[in-house]
Amino acid sequence: MKVTAVVPSYEPDEKLIQVVDGLLAEGFDDIVVVNDGSHEGHLQPFAEAAERPGVTVLRHEVNKGKGRAMKTAFAWCVENRPDIDGVVIVDGDNQHRPKDAMAVAEAMCREPDKLWLGVRDFSLEQVPLRSKLGNKITRSFMKLACGVGVTDTQTGLRAIARKHLPLMCSIGGERYEYETQMLLSLKGAGLGVGEVVIDTVYIDENQTSHFNTVKDSWRIYKLIFRHLLHGDKKE
Numbered sequence: 029m030k031v032t033a034v035v036p037s038y039e040p041d042e043k044l045i046q047v048v049d050g051l052l053a054e055g056f057d058d059i060v061v062v063n064d065g066s067h068e069g070h071l072q073p074f075a076e077a078a079e080r081p082g083v084t085v086l087r088h089e090v091n092k093g094k095g096r097a098m099k100t101a102f103a104w105c106v107e108n109r110p111d112i113d114g115v116v117i118v119d120g121d122n123q124h125r126p127k128d129a130m131a132v133a134e135a136m137c138r139e140p141d142k143l144w145l146g147v148r149d150f151s152l153e154q155v156p157l158r159s160k161l162g163n164k165i166t167r168s169f170m171k172l173a174c175g176v177g178v179t180d181t182q183t184g185l186r187a188i189a190r191k192h193l194p195l196m197c198s199i200g201g202e203r204y205e206y207e208t209q210m211l212l213s214l215k216g217a218g219l220g221v222g223e224v225v226i227d228t229v230y231i232d233e234n235q236t237s238h239f240n241t242v243k244d245s246w247r248i249y250k251l252i253f254r255h256l257l258h259g260d261k262k263e
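Per my numbering, the sequence shown runs over residues 29 to 263.
If you're looking for bench data, these hints aren't it; they were derived computationally from the structure.
We put the CB at the ideal spot given by N, CA and C, even for glycine.
A couple of the hints might just be wrong.
[Unchecked claim] Using C-beta positions, here's what the derived DEER-type ranges look like:
id: 1; residue 1: R254; residue 2: G65; range: 39 to 47 Å
id: 2; residue 1: E139; residue 2: P110; range: 39 to 47 Å
id: 3; residue 1: G177; residue 2: P81; range: 39 to 47 Å
id: 4; residue 1: A103; residue 2: H67; range: 31 to 39 Å
id: 5; residue 1: R138; residue 2: G69; range: 37 to 45 Å
id: 6; residue 1: P110; residue 2: E42; range: 17 to 25 Å
[What the hints assert, rightly or not] List time: in silico PhoX-like cross-link candidates among lysine-lysine, alpha-carbon distance up to 25 Å:
id: 7; residue 1: K171; residue 2: K160
id: 8; residue 1: K250; residue 2: K160
id: 9; residue 1: K160; residue 2: K30
id: 10; residue 1: K142; residue 2: K171
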């Protein structure tokens with residue numbers, strides 16, 4: 029199995045190094061970290077990551093959003109990693125267990141014609157109320173939009189085969205709405221969705237997340253409603 033771990037990151041703290049070291053310890057020997065235009069006070073974690081064997085750090089000069097960071101990594105892998113099976117995307121805030129990243133990557137290698145998601149259990153007590161409500165609402169609209177029931181619509185832990193990366197690079201979305209666009213693009217491409225249940229981890233009730241509840245939620249729902257009205261089109 030040859031899978032590249034992709035870690036998009038903006039304004040990280042020491043948890044980014046914990047993520048990188050955890051992935052290396054789990055057996056990932058090729059990791060691409062994307063610095064999405066972080067400011068000077070947050071550059072040290074990237075410098076430390078770049079010193080690890082098997083770690084490549086890509087950089088945006090300015091903040092462009094998580095979606096663009098993912099597409100930057102995907103395009104880099106298409107050009108520089110011709111022999112990999114695919115990629116697994118892991119958030120840089122240490123809320124994804126390395127063992128879960130490996131489980132999602134292995135599922136993708138077994139069934140490469142699906143977008144694989146690491147899904148959380150939203151019934152657990154530690155899940156913040158806003159996350160429970162947001163996921164419940166988004167799940168309902170997503171089922172209407174693409175006809176597929178997805179347990180965790182906004183999970184950042186995902187895996188996709190290399191052969192589908194050009195598609196993932198071509199679809200719209202620059203920020204968090206890109207993760208929704210990935211799901212909306214699957215039906216038209218003849219791809220399915222696979223799920224692996226993962227540990228549900230929220231550190232400090234997800235306070236370090238850069239997700240803007242108003243702006244990013246609006247982008248996501250606007251995308252879903254547009255898809256409902258106009259069908260499978262690139263945005």
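Hints, verified against the model:
1. R254 - G65: 39 to 47 Å: Roughly 27 Å apart at Cβ, these two residues miss the hinted range, so it is violated.
2. E139 - P110: 39 to 47 Å: At 21 Å between Cβs, range violated.
3. G177 - P81: 39 to 47 Å: 41 Å, holds
4. A103 - H67: 31 to 39 Å: With a Cβ separation near 24 Å, A103 and H67 fall outside 31 to 39 Å, so the hint is violated.
5. R138 - G69: 37 to 45 Å: Once the Cβ atoms are compared, 42 Å apart, the range 37 to 45 Å for G69 and R138 holds.
6. P110 - E42: 17 to 25 Å: 34 Å, violated
7. K171 - K160: 17 Å, holds
8. K250 - K160: Distance of about 20 Å is within 25 Å: holds.
9. K160 - K30: 34 Å, violated
10. K142 - K171: With Cα atoms ~17 Å apart, K142 and K171 stay inside 25 Å; holds.
Taken one by one, the earlier hints fail for this structure at numbers 1, 2, 4, 6 and 9, listed in ascending order.
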